[in-house]
Structure formats: C-alpha cells, structure tokens
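S.K.: So the chains spell out like this:
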Amino acid sequence: MSAGAKNTNTEPWGGFDDPPVQGSGSAVIDMENMDDTSGSSFEDMGEMHQRMTEEEEEGPGGAPGEEPGDDGEFLGMKGIKGQLGRQVADEVWQAGKREASKAFNLYANIDILRPYFDVEPVQVRSRLIESMVPVRTIAFPQKVAGELYGPMMLVFTLVAILLHGMKTSQTIIREGTLMGTAIGTCFGYWLGVSSFIYFLAYLVNSQITMLQTLSLLGYGLFGHCVVLFITYNIHFHFLFYGLWLLVGGLSTLRMVAVLLSRTVGQTPRLVICGSLAALHMLFLLYLHFTYHKMVEGILDTLEGVNAPPIQRVARDVPALAPAAISVTLNTTLQTLGALLQSH
Amino acid sequence: MAEADGSSRAFLGLSDVSISADIPVEGDISMPPTSSSKDDGFSTLDEPVKDTVLRDLKAVGNKFVHVLYPKKSKALLRDWDLWGPLLLCVTLALLLQGGSVDSKDDGGPQFAEVFVIIWFGSLIITLNSKLLGGTISFFQSLCVLGYCIMPLTVAMVVCRIVLLGGSGTVSFVVRLVVVCASFGWSTFASTAFLADSQPQNRKALVVYPVFLFYFVIGWMILTFAPAQ
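First to last, the protein sequences are chains P and V. Position 140 of the first sequence, counted from 1, bears residue number 140 in our numbering, the numbering being contiguous throughout. Position 107 of the second sequence, counted from 1, bears residue number 107 in our numbering, the numbering being contiguous throughout.
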C-alpha cells in the first residue's frame, strides 16, 4: 500500500494529496481557480493535460519550488499575456468551428435535395409528354411526380429561349442586364406562382404539397417553351394565338385536372383552378408580347396593356435593324417555313 | 495480498499509459492532391519566381492540349486548377464587350454579365451533377467546364476577325459554322471528362445542362455585333 501511496503522488491528475496550486491539479479541484471563459471547454482540458505532462517531465521537485516566488504563475497560467493569448486562441477556435459547421450544414442541405433529383432519362421524357395530356378521370387523386430535375431544366431552357427572343427583338434594358431579367422572370414565375398556388391550396384544403406544385408548374412550362421557341422565330399572329390556345390550353387542362382531382367542393375548385389557368395563360401571353419583334410595322394594341418592366427604346425597325439580324431572321424564317411545309 | 498488489500494479501501469500519454487527437483533412503534390520533399518558396510561374503555365498549357484532343484521360481531373478557366473567362468577356445595337447604351453583354453567366452556369451544372449522384468533386467540375470553354473563345476570336471584313450574309454563314463547330467541340470535350463520373444510364441528364450552357455562350458569340 505504501507503493500505492507513492504512486498516487505522481499520477497525472495529481491525486488528492497535491495542494490545488498552479493548475496542475485535477479538473475537479481546479474549476474554482480557472477563469470563467474557458472553464469547461474540452479543448482546454486537452491543453491542461498537455501542460500537466510537461510539468510532470520537469519533475516533482520543480513543481513546488516554482510556486512561491513566481508572480507570473498566477492561477496556473503564464501571466496575463498567457491568459489573453489563450482567450484569443479559444475564440478563434470557436469561430472556426462555427464556420466549419455552417459549411457542413450547407453541404448537408444539398443532400436534402438529393432525393428529388433521383430520376431516369426515360422518366423525364415520359413526364414531359404527359404534361401535355390531360387526365381523364378526376374521381381519385391523380399522381404527381415529385421531382425537381425536369422543372429546373425546363426553367433554364425557358431562360435560354427568352434570351433568344430578347436578342432578336433588340430589347435594350437600361437598369439591368438581359440575363438578369430573363432569369428573374422565369424563376420568379416558377417559384412565385408555385408558392401562390400552394397557399391557395392551403386555403381551400386541397391535397397537394409544395413539392408537387413546383413539379406541376415546372412541367407545365414545357408547353411555354415549345410555343415561344416557335413563335419567336415565326411571326404570324394567328399562329401564335392558335398555339397559345392549343398548347397552352392542353398543359393548363392537365394541371387543372390534377388539381380538380385533389380538391373537394365547387367553389374551392373554381378558385384554385381559375387562378392557375389565368396565371398560366397570361404568362405565355406576356412572354410573347413583351419581347415581340415588330415585323412589317404591325403595332399590336395588346402591347400597351402589358406594360413591360423594362424600358424600351422607340425605334424605327427598317432604319435600325442591322443587316445581320434581319439576315438571321430571314434565314430562320425560310428554314422553318420549309420545315413546316414539308410536314 | 500479493495478487491484489500485482493486480493494482498492473492497473497502475494501465493508468500510466492511459491519461498522461493521451494527447488530444488532431490532424487535418487535406484536399485532393493538386499539382503541388509533385513538390513533396522541397518547398517552393526557395525556387525563383520564374520557375514557379513557368511550372504553373506549363500545367495550364498541358490542360489546354487535353481539351484540344479530348481523350478519356484523367489529367484534367487529377490536377485541377482554376487559372485556365479564369484566363478564358476574362478573355471571352473582354472580347464580348462593347458590342451594342445602340452605341449610347449597354446593348451587348457587359463584362460582368458574361463573367457571372459562366461562373453561375458552371456552379449550377456542378450542383446538378452532384445531386444526380456524380463522383466528381466541386472544383474538378468547375475546372473541366472552364477549360472546355476554350473552343468557344477561339471561335470568338475568329468571329471578331471575320467581322472586321464586314457583316454580310457570307460572314454570317461563316460565323454560324464556326460557332456551331466549336460549340459541338466544347460539349463533346466536357462530356468526355464529366460523363465518366456519372452512373451509366444517367449520362443524358448531366449532358443536357452542359449542352444548354455552351449553347447560351455560343449564342452570345454568334449574335455579337460590334459597335457601329
């Protein structure tokens, strides 16, 4: 037992025999001597053990000898400088840990979205085609695919088509950029109208989730992409109106049918389906007429109603159109005309 | 007694080992090896600046060659760097600047717009490929997409030269052909590098945004008309 007693003196935590001085005591004893900021930090325990190891190496004779006449050994830390230094290091460590966990949470947020991108190309293609086919039965809730890959790609495609339309209509934007306006319009429509429809669905107690509205509206943009792609290149008003009614109408009918199957009651159905149909069709109308190239001096009266957010320069088409743009238009017109005639 | 002593001595031996020798574990998780991994063994601080710059330039030039002849090699992915994409992006943005329909206003894509399109587009494509289950890392993907803009930059230079000779039908056809060829080249080159990191049946899902991205850049190049 005497051997045991001798050994406990040199135990790393100092044992209960050591007087609670110079911080080399155990954590339990030392708590009241330590400053408040770094009382219970795990890292400080690590530093503590590190220092205790170093002081052990000095030898047990050195430890009591240092203590009395050393002013620097206040509370076991190496003076005020050491205390400040440790506080600063502590704060830097905490800040770094916070930044690292924020970054990790950001990465983890990507993982949250991962299940919504789990699709096959075949599925995407079949959903694109389905978005133009209205369902027949509304007796039971229709299935809505809950994925975000298709809608996102469609929004970006719409942005690209819109950019093309802006360029060929020689739109000049003063307080912004072409790209910014295009992205803002498309993403704003997709996210804004989806949220609005979800809000309405919440009000009228419709059985549809936010993800499903995002997906539904996103796939509904497929019709918009097709119509705008054709009509930004071929400028016949009757063609546009026909396509607007046909293609826009089909995709609207599809979305309306899905919503009808998930809503109960006449008035709720009217409210939600009416607003969705109105917004969807009007968006297509807006996109076409805002970036509309004036061909043959036709000034459509609808243009005055759709006051565009961008400032447009009043222009005289024949004088300002550079040869290249009109050549592009003519070439495109001829090729597309030939294509259409061959069908 | 003896047994108790023996066992307590054994335990004391254990306690000697456990706490006092316990150093808090530390280390750092390092990034995938960059080109500086070649410098194991000596520090690059001691060599002349010319050597460092030339080595980096050689690495960048090596990657340009890989883009010109896109084989399925891992060189671009292994030693990624962002110098090449930055150079290409700045060159393209400078060349695309100043083209406007109305020279009084900012009609053409400005420097910042092109810059933002390229980097934002690369970011979206990278996020998309990661979400689709790709094994490529974030910066590797940025590196590949940036380097594969090179054919389009070359096409931009050619277009500018052609436009010096006038902007008629012939020049438009020439520019169209050049831009289409370089757009196809860029898409093909980037899919040669990126598609390997995707599961087999989902390559089309990753290729489409890349196609769209280079299409938008190609469109900006084709519709560029210099200030009158």
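It is possible that some hints are incorrect.
As the list claims (entries may be wrong) - Some chain V residues judged to face chain P by a derived CB distance under 8 Å, without partners named:
#1 Leu54
#2 Trp83
#3 Arg202
#4 Thr223
Stated by the list, open to error - What the simulated footprint calls covered on chain P by chain V, stretch by stretch (three residues with Cβ under 8 Å from a Cβ of chain V suffice, anywhere in the stretch; the number is not a length):
#5 117-127
#6 152-161
Claimed, not checked - So, partial list: chain P residues that the calculated Cβ filter (under 7 Å) puts toward chain V:
#7 Ile112
#8 Met166
#9 Lys167
In short, the hints are calculated from the structure, not lab data. Every residue, glycine too, gets a C-beta built ideally from N, C-alpha and C.
S.K.: Now, for every hint given, state plainly whether the structure supports it.
M.R.: Hint check results:
Taking 8 Å as the C-beta cut-off, the interface hint given for Leu54 (chain V) is violated, the closest approach to chain P being about 35 Å. Restraint check, Trp83 (chain V) versus chain P: the minimum CB separation of about 24 Å is more than 8 Å; hint violated. Given hint, Arg202 (chain V) at the interface with chain P, holds; its Cβ is 7 Å from that chain's nearest Cβ, closer than 8 Å. Taking 8 Å as the C-beta cut-off, the interface hint given for Thr223 (chain V) holds, the closest approach to chain P being about 5 Å.
Coverage of the region 117-127 of chain P by chain V holds. Counting CB-CB distances below 8 Å, 6 residues qualify, and the rule asks for three or more. Coverage of the region 152-161 of chain P by chain V holds in this model, with 5 residues showing a Cβ closer than 8 Å to a Cβ of that chain against a need of three. Because the beta carbon of Ile112 (chain P) sits about 10 Å from the nearest beta carbon in chain V, more than 7 Å, this interface hint is broken. Checking Met166 (chain P) against chain V by beta carbon gives a least distance of about 10 Å; that is not within 7 Å, so the hint is violated.
With its C-beta approaching chain V no nearer than about 5 Å, Lys167 (chain P) sits inside the 7 Å limit, and its interface hint holds.
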